[in-house]
Amino acid sequence: MTQLTGHSSALDFAQPEPVDMASGKYVKLWQGPQHPGITGNMSLELTLDGDTIIDCKTHVGYLHRGFEKLMERRSFIQNFTVVCRIAVPEPTFNEYLYSHAVEQLSGIKIPERAIWLRTMNLELMRLASFLMWIGGMSGAFGQYTVPNWTTAYRDFVLDLFEEMTGARIYHMYIVPGGVRAGLPDGFEKRARDIMDGAEKLLDQVERVMFNNAVFKARSKGLGIITPDMIDPYGIVGPNARACGVERDIRKDEPYLAYDQLNFETITGKDSDAYERAYLRLQETRQCISLIRQCLDKAPKDGPFQADMPNVLHWKIPAGETYVKAECTRGEYGYYMVTDGSEFVRRVHVRGPSYTHAIAVMERLAVGNNIADIAGLMVSLHTYPPEIER
Amino acid sequence: MSLKDLLSPFFVWQRAFEKPYTTLRPTLDRPGAPAYRGFHINITETCVGCGSCQTICQNNAIDMVAVEAYAGRAGDSGLRPRFDYGRCCWCGLCVDICTAASLRMSNEYAWISDDPDSFHFTAGVDDKPWQDNELGYRRAEGYHLNPPKRIEMPMLSAQESLKSFAEVTLGYNEEQAKKEADRCVECGICVATCPAHMDVPDYIHSIRDGDYEKGLQLMYRTNPFPATCGRICTRRCESVCPVGILGEPVAIRWLKRFIVDQVDKKDYQRILEKPIASTGFKVAIIGAGPGGLSAAYYLRQQGHAVTVYEAQATGGGMLRYGVPSYRLPDAELDKDIDHITSIGVEIKYNSRIGKDVMFESLLENYDAVFMSTGLSVPSSMRINGENHARVLSGLQILADVASDRDPGIGKKVAVIGGGNVAMDAARVSRRLGAEVTILYRRRISDMPADEEEIHECQQEGCTIVPQAIPVEIIDADNKQKVCIKWGEAKMVDDPKGGRARPVLQEDKMHTETYDCIISAIGQSSNLDYLSKELQEQLAFEWGKLTPAEYQHTSMKKVFVGGDFANRTADAISAIEDGHHAARGINRFLNPDFYTALEKQEN
Ligand SMILES: Cc1cc2nc3c(=O)[nH]c(=O)nc-3n(C[C@H](O)[C@H](O)[C@H](O)COP(=O)(O)OP(=O)(O)OC[C@H]3O[C@@H](n4cnc5c(N)ncnc54)[C@H](O)[C@@H]3O)c2cc1C
Ligand code: SF4
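Residue numbers (my numbering), protein chains in the order written: chain A, 7 to 395; chain B, 1171 to 1772.
Don't take each hint at face value.
[As the list claims (entries may be wrong)] Subject to a maximum C-alpha distance of 27 Å in a straight line, what follows is the list of computed DSS-like cross-link-like pairs (lysine-lysine):
1) A:K303 x A:K330
2) B:K1384 x A:K321
3) B:K1581 x B:K1649
4) A:K306 x B:K1189
5) A:K195 x A:K275
6) A:K226 x B:K1452
7) B:K1189 x A:K195
8) B:K1651 x A:K321
9) B:K1319 x A:K115
10) B:K1319 x A:K321
11) B:K1189 x A:K206
12) B:K1714 x B:K1727
13) A:K275 x B:K1174
14) B:K1678 x A:K321
15) B:K1651 x B:K1678
16) A:K206 x B:K1174
17) A:K222 x B:K1174
18) A:K115 x B:K1348
19) A:K115 x B:K1349
20) B:K1384 x B:K1349
21) B:K1348 x B:K1505
22) B:K1518 x B:K1452
[Said to hold, decoys possible] Sample of chain A residues lacking proximity to chain B, with all beta carbon distances greater than 12 Å (derived):
23) Y32
24) E168
25) I236
26) E259
27) Y261
28) S295
29) K303
Honestly, the hints are just simulated from the structure, not real lab data. C-beta atoms are modelled at their ideal positions from N, C-alpha and C, and glycine is treated no differently.
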């Protein structure tokens, strides 16, 4: 049996020479599909020379639930309960993009209050998602204290979701036409308290996880994404920003209330696992600031839903659209085609993990030690369900 | 890397002295958020079983099941949602779409049971610990998945409408009709309530599909007067439409009208069903009102030869001589009647039974007789001086106007009554240029007239004086004017919980002179074509009778329907009576066929 060896450079797309598996010099190892961390069900087929990786292939298919197809058989309102499942730790971006695409195609304009509530909801989601991610990153390097702190603290953010949306994980709050409810009494105070606590927690995390000799030794220099990779590989989000690329849809093409929020795009330069992690830590802090700004500025009353047709017979004129938003991992997009019927003709969900976990991962893995592969994977922040949709 | 990087991680120990995040379950309980989407609660008393929850659930987690306690309740399907927690994803869409806001969720987190069947339950019927939970997810105020407001019917302004007898309502355009049709949740509760059981959700669906010919076909299955009913129906369907529980009911009547308005009369023959081959049976019908003509239409469809005897020169009964043309233009009534005659129903006009043709001869010459002669005699006010020359009846005035005669009402009139006839008489008088005061015994909210009618009546400038009881007509000899004495009424609650009663206050009397007084307090039947013996044999009481099954009377060949044979006295009930009688006459004429059919069905 033959295998491919690594490439000479990240931009070398030529077919490399196969290695001779029969020689007994190489070992093949499957990393996943079960992961003890947060990367979810995806597997890497690794070819090793000693404990050095010389080839990596990503395999998916363990999580395929056929969401895009499911949507073609459900009404426009029913789909909003389906899309959240495409990225379990970050359902809200799917809710928003699905709703936004539907609104674009049906010409619905959502009211001001819904715009703010959506923005806040998305930033709360970013906060929850990053808190979980920090835990995963720390855990991947064998440090299990920080995961206990951050995943537990994430639950306080989930408490806020529970109050705001009626559910902790699958919020189903952002719905075509607006949002499902305003904020409950006392929410603002509790949200501010939780933000204060999160800020304190992040300082502790920085001390323990980032000012940490072991973490630094293992993550600095790991998985460097070079600037010339960014566009050919379609690298987005913190993975691109850590490489010095100023790319953030919230700033570049502001949507919802982002043009009324005060924030700067954060960039790094070293572009290794450490840099990416540190950048995310800073973005988590930025998130807290954005949530506070939303709490300050969101209208306290007024409608939170546009006038809707009877959703039981809702038909949307034929058309197509592509909408996008900056999720924790970069550009998340929905391409939607309608044909004038009660059902969507086609939805294509573009999750950043598609490139990050396949093309990028396969390249970056090569040459690394087997022990670092888990940390590398988490440093790219990938969600397998959005690869398979 | 520095010394700091080696020491800093030891900071973790400091956290050992901080309060942990976690809750100690089960020692400490943490309730769900007040709006948590927990387990389903249904207030079954408020629920009408429309089934919108079942329709919207993308997981097929809801089945509508019959619940005995609600079987046969008016405006209620008798069904209630049964949840399957093996399928539910707790999205709460069912709560959002619930037309009655009866469905909600508790904020309970956990339900632990070793009985798998307990996860399959009819909320509010099967006992569950969370049933009385006060918290949990509710649809937020101001959040709608179906527009609560109906599309407003375009109308002439009040000033404009007073200028002529032109139709006041202008009809929906296609966009408006489609939008309104969209509001229907297709529960079918209206079908059960409509006296004729019209296929409402399906013909509304045909509007959404833009297939108006199909819509017309569906309507003719149960009602050969769609152009008429699309304008003046009493629309009991709308009173039970669940969309109307929290918002305004679907404008079923206007949608019916819209369909008819889209189809040209000359296409009816092509679109609608034709009668089957002749059976050789002959049926006579007395009265070309909606009752008589509906029976005629369905009997003719079944292949019988049908002859309708009508005393007047045109058909339609009270729809022609009562309902004013600004509500129902003659051309629209003719659209319906012309189709009925086009399939071979023969109408003999100016043929009064009892005068031109004898009832007995019909019994002799026909295989069956259906009569629907309506209520044409104005009821008396039972007050002194009522026979004054300037006391006119509402029916008479309406009939005059319908026949292009001047009723000569003068410039200042009072209308007595609070029903639709009173409203019609008042609005007609306004169009004839009179100043109109309506005197009604009870409160405006007690008026039997349609709310819309009352509103439009006021818009057109009629003054309604409620709680006004006519006492006496004075100045009997004045031939030009009439003076009425009326007293203010006090409403006295019925101790038994019935309708409040107006009681005359002797010390609060008023007199006022008018050019005429129009009495419109009700009407009764004219049975002069039936001998006393026949009336007795048919069991008429106070001019009305209650028929047996299939509108049959005690006489073998005779079937009845319409105003004098039902309690609701409106067009749609007469239409259904006629249709039902047609079924009865079919059975009567062809018993073998129906016995065989019934055997087959059982
Ligand atoms: C002013 C007014 C307004 C109304 N508004 C509405 C409304 O908005 N909506 C609604 O649903 N209903 C309305 N109604 C009621 C509706 O018109 C009647 O319920 C309906 O017409 C009853 O139909 P029918 O067939 O029983 O009798 P009718 O319509 O009264 O028809 C009876 C027919 O029999 C004929 N006839 C009587 N005696 C003889 C005889 N001896 N020989 C031959 N022919 C005879 C009469 O000339 C008449 O044509 C209104 C009624 C009035 C009076
Ligand atoms: S909550 Fe959602 S999934 Fe569950 S029964 Fe209601 S509509 Fe169906």
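Hint check results:
no.	hint	in the structure
1	A:K303 x A:K330	holds, 24 Å
2	B:K1384 x A:K321	holds, 21 Å
3	B:K1581 x B:K1649	holds, 15 Å
4	A:K306 x B:K1189	violated, 34 Å
5	A:K195 x A:K275	violated, 38 Å
6	A:K226 x B:K1452	violated, 102 Å
7	B:K1189 x A:K195	holds, 20 Å
8	B:K1651 x A:K321	violated, 63 Å
9	B:K1319 x A:K115	holds, 19 Å
10	B:K1319 x A:K321	holds, 19 Å
11	B:K1189 x A:K206	holds, 14 Å
12	B:K1714 x B:K1727	holds, 19 Å
13	A:K275 x B:K1174	holds, 23 Å
14	B:K1678 x A:K321	violated, 62 Å
15	B:K1651 x B:K1678	holds, 23 Å
16	A:K206 x B:K1174	holds, 20 Å
17	A:K222 x B:K1174	holds, 12 Å
18	A:K115 x B:K1348	holds, 21 Å
19	A:K115 x B:K1349	holds, 18 Å
20	B:K1384 x B:K1349	holds, 19 Å
21	B:K1348 x B:K1505	holds, 24 Å
22	B:K1518 x B:K1452	holds, 15 Å
23	Y32	holds, 34 Å
24	E168	violated, 4 Å
25	I236	holds, 28 Å
26	E259	holds, 29 Å
27	Y261	holds, 23 Å
28	S295	holds, 23 Å
29	K303	holds, 21 Å
This entry does not satisfy hints 4, 5, 6, 8, 14 and 24, going by the numbered hints stated previously.
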